[in-house]
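J.: Order-wise, the sequence lines are chains A and B. Residues 1 to 402 in the working numbering are what the first sequence lists, from first letter to last. Residues 1 to 402 in the working numbering are what the second sequence lists, from first letter to last.
Just so you know, not all the hints are guaranteed correct.
Same chains, same label: a pair holds when it works inside one copy or across any pair of copies.
[As the list claims (entries may be wrong)] Distance condition first, Cα-Cα at most 25 angstroms in a straight line; then the derived BS3-like pairs of lysine-lysine:
(1) K198 - K399
(2) K327 - K344
(3) K52 - K33
(4) K33 - K327
(5) K344 - K399
(6) K211 - K43
(7) K230 - K399
(8) K344 - K358
(9) K344 - K398
(10) K285 - K327
(11) K187 - K344
(12) K33 - K358
Since the hints were made in silico from the structure, they are not lab data.
2 protein chains.
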Amino acid sequence: MVRLEHIKEIVNPTPSKIVLLVLDGLGGLAHQKTGLTELESAKTPNLDRLAKESICGMLEPVGLGITPGSAPGHLGLFGYDPLQYTIGRGVLAALGIEMELEDGDVAARGNFCTMNGDGVITDRRAGRIPTEQCAELCRLLDGTSIEGVKISVAPVREHRFAAVFRGKGFSSALGDSDPQRDGLPPKDIEPLVTGIAKSARIANKFIAQTKQALSGREPANMVVLRGFAKYPPEIPSMREAFGLKPAAIAAYPMYRGLARAVGMDNLPAGNTVEDEFFTLAEHYKTYDFFFIHVKQTDSAGEDGDFQRKVKAIEEVDRALPRLTSLKPDVIVVTADHSTPAMFKGHSWHAVPCLLYSKWCRPDAVTAFSESACIGGALGRFNAAELMPLMLANALKLKKYGA
Amino acid sequence: MVRLEHIKEIVNPTPSKIVLLVLDGLGGLAHQKTGLTELESAKTPNLDRLAKESICGMLEPVGLGITPGSAPGHLGLFGYDPLQYTIGRGVLAALGIEMELEDGDVAARGNFCTMNGDGVITDRRAGRIPTEQCAELCRLLDGTSIEGVKISVAPVREHRFAAVFRGKGFSSALGDSDPQRDGLPPKDIEPLVTGIAKSARIANKFIAQTKQALSGREPANMVVLRGFAKYPPEIPSMREAFGLKPAAIAAYPMYRGLARAVGMDNLPAGNTVEDEFFTLAEHYKTYDFFFIHVKQTDSAGEDGDFQRKVKAIEEVDRALPRLTSLKPDVIVVTADHSTPAMFKGHSWHAVPCLLYSKWCRPDAVTAFSESACIGGALGRFNAAELMPLMLANALKLKKYGA
Chain A
1 MVRLEHIKEI VNPTPSKIVL LVLDGLGGLA HQKTGLTELE SAKTPNLDRL AKESICGMLE
61 PVGLGITPGS APGHLGLFGY DPLQYTIGRG VLAALGIEME LEDGDVAARG NFCTMNGDGV
121 ITDRRAGRIP TEQCAELCRL LDGTSIEGVK ISVAPVREHR FAAVFRGKGF SSALGDSDPQ
181 RDGLPPKDIE PLVTGIAKSA RIANKFIAQT KQALSGREPA NMVVLRGFAK YPPEIPSMRE
241 AFGLKPAAIA AYPMYRGLAR AVGMDNLPAG NTVEDEFFTL AEHYKTYDFF FIHVKQTDSA
301 GEDGDFQRKV KAIEEVDRAL PRLTSLKPDV IVVTADHSTP AMFKGHSWHA VPCLLYSKWC
361 RPDAVTAFSE SACIGGALGR FNAAELMPLM LANALKLKKY GA
Chain B
1 MVRLEHIKEI VNPTPSKIVL LVLDGLGGLA HQKTGLTELE SAKTPNLDRL AKESICGMLE
61 PVGLGITPGS APGHLGLFGY DPLQYTIGRG VLAALGIEME LEDGDVAARG NFCTMNGDGV
121 ITDRRAGRIP TEQCAELCRL LDGTSIEGVK ISVAPVREHR FAAVFRGKGF SSALGDSDPQ
181 RDGLPPKDIE PLVTGIAKSA RIANKFIAQT KQALSGREPA NMVVLRGFAK YPPEIPSMRE
241 AFGLKPAAIA AYPMYRGLAR AVGMDNLPAG NTVEDEFFTL AEHYKTYDFF FIHVKQTDSA
301 GEDGDFQRKV KAIEEVDRAL PRLTSLKPDV IVVTADHSTP AMFKGHSWHA VPCLLYSKWC
361 RPDAVTAFSE SACIGGALGR FNAAELMPLM LANALKLKKY GA
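Turn these sequences into a full structure, and let the hints steer you where they fit.
T.: As structure tokens, this is what we get:
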């Protein structure tokens, strides 16, 4: 497969514009009554017209049978093979709740948990305390400094939180304190490489301080940490890898965080798809790659609400002329994964994809849907192959080899 | 993906015949008036009849979005993954102008350039001197010997030339003298590994001699060298890799050179496609694999001449019975890349491919064209997967595994 090092040889920046419109969880499964998926049930005259002028196919987010989380689902669309490139769990957790991360920060995931008088963890989830209580406890722990390292703590959901360690030389090569099952004491955090004893000491001091601060607050009288990871992740930015000047228009923190992790600027997303397209128009001159994220399709799918997902797709379709009227050189409409309403969750199914450009060589597909895109000229292809194709259609790649 | 080491295990030479007919740059884009590509516009009753009896698909020369140069485009068709196997720039340049290369020769690309009195290069291209002048200067430099190494120099185009160093132990692990931009002095050629100081010294002496020889010949008063590479390239021959006895019928030096680099014998190509097929018939008994190259389709595409490309395709179609009447066990018709007349250059678009054999299991495709082949049983597949399929259909591969 074509890899980043091959692309790097032939990158040829130009002012041409690429718009990648991601309808999160778009792929669906047929409704029992109609035999049609959500996308096939929706009235989408604008998407269908675009599909007719496009080259279409079924995009495989990670690989056959693999249900992607949001991070691998999007990394693939951004041009990074999700089997090769990952973002550390700690960083993902912190980005997901939009904590401010600076270069060199180290982030970890944390749980509030219950420890008994013998120092044994009896419940790694502290009875799944409500998110509000988690937030209150995080305020208690947030902002402490140990040996010059500042530690920020913020709630995720229920018993989960994220912790960010900021200080010169603080290393992410640290083991977990989380023993991963009840009935064991928390582990000391161990340095995984030599020369970082100070980082391990600071992390262990933080846990000791925390234990004191939480004393008497059963069931949440202790914390465990895991998944220490350095920000930024070891992924070349989209500018380095593809010569792009990219921007993201996404409302939800997780996607803004993912975009930022690969070097995109985040623009205001507003509250509706129309707002997102307004932002696109407003900043159109400043960037040459736009990632626009629509969350409603996924949320409706997760809730098992077939009709709401249909309506979310139709809302995108109605707003679409605002996007196409800007006449981007390349338009792609696709998804990071399937979230069939019938399935009520992410699934492994391939997702429909259309790519429009003046040079795309349209195929015979005349509707944007799962069943139509199967017959498209792109066939079934890997998400990470999309970026070279977008770049080529925007004339941003030179010839490979003599 | 199946790799050469897998194939090597199951190679099973037989006298059966494979003919690979490459219409260079065949893939096209639709004409604005008709909505048909060059191939779809051409009257091709013979190719269509063959497609009907064949298994068809869209061949991806390198990868989605990647526009191949001639070398990677052909290496893929010859069975070598062009992302894994490359031919050094110097060797390609020398092969491209049909210089005689012997095993162990080292070739480099060169530029005539302009150097000022301070030893700074003011124009790396010597004002793009005409090719005739380049040829005259090359004659001046050609044939010198330094410390037992004979150096041949031949013109490529404008300011470009190729230099071949022939002598026992001469190494290709040499840096460039070309500083890659104006305003800098040429670099000394450095050995890139230990133990080859003599090779670097000889290369630097050659440049010093050349400087003297060109004294006063402004703007071409100096040379720079780059891309030193050993012949033959580090690619197993088609005999080693596939057990084939292969021959090439190609008129243009670049393709004859590429064929030679993978161990094919070059046969006389004459002036027309018919001549090529005559040569095929004449040497049919001597070889079991024939690569036939048709350049006219690519040249017309590069010139943006839609109608001339259509006519070039029709000429191949008219001559085709001469090929099919030999009843090769396997016939493949495809291309090394697309050169759409509308695009006036190589492009990234997949190319149509048909494979005929008694055992091919024909699909529903009844015409040889881009839009028809999309629906073929091969789908979209990588160029380097074609060779195992040709070998299999010629019954030249044994079972893999017990």
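J.: Could you run down the list of hints and mark each one as holding or not?
T.: For each hint, the structure was consulted:
1. Within a single copy, K198 and K399 get their C-alpha atoms no closer than 50 angstroms, and across copies no closer than 36 angstroms, so neither meets the 25 angstroms cut-off.
2. Proximity of K327 and K344 under a CA criterion of 25 angstroms is satisfied inter-copy only: 23 angstroms between copies versus 36 angstroms inside one chain copy.
3. Taking CA atoms no more than 25 angstroms apart as the test, K52 paired with K33 passes between copies only; the shortest distance there is 17 angstroms, against 28 angstroms inside one copy.
4. Taking the shortest Cα distances, K33 and K327 sit within 25 angstroms of each other only across copies (22 angstroms), while inside one copy they are farther apart (39 angstroms).
5. In this assembly of identical chains, K344 and K399 lie within 25 angstroms of each other by CA distance solely across copies; the values are 13 angstroms between and 44 angstroms within a copy.
6. For the identical chains of this complex, K211 and K43 are neighbours neither inside a copy (56 angstroms) nor across copies (73 angstroms), given an alpha-carbon limit of 25 angstroms.
7. Proximity of K230 and K399 under a CA criterion of 25 angstroms is satisfied inter-copy only: 23 angstroms between copies versus 36 angstroms inside one chain copy.
8. Taking the shortest Cα distances, K344 and K358 sit within 25 angstroms of each other only across copies (14 angstroms), while inside one copy they are farther apart (38 angstroms).
9. Taking the closest pair of Cα atoms, K344 and K398 come within 25 angstroms of each other only across two copies (14 angstroms); inside a single copy the shortest separation is 43 angstroms, beyond that limit.
10. In this homomeric assembly, K285 and K327 come within 25 angstroms of each other (Cα to Cα) only inside a single copy, at 12 angstroms, whereas the closest approach across copies is 58 angstroms.
11. Taking the shortest alpha-carbon separations for K187 and K344, neither the intra-copy value of 37 angstroms nor the inter-copy value of 64 angstroms comes in at or below 25 angstroms.
12. For the homomeric pair K33 and K358, the shortest alpha-carbon distance between copies (15 angstroms) is at most 25 angstroms, but the shortest distance inside one copy (39 angstroms) is not.
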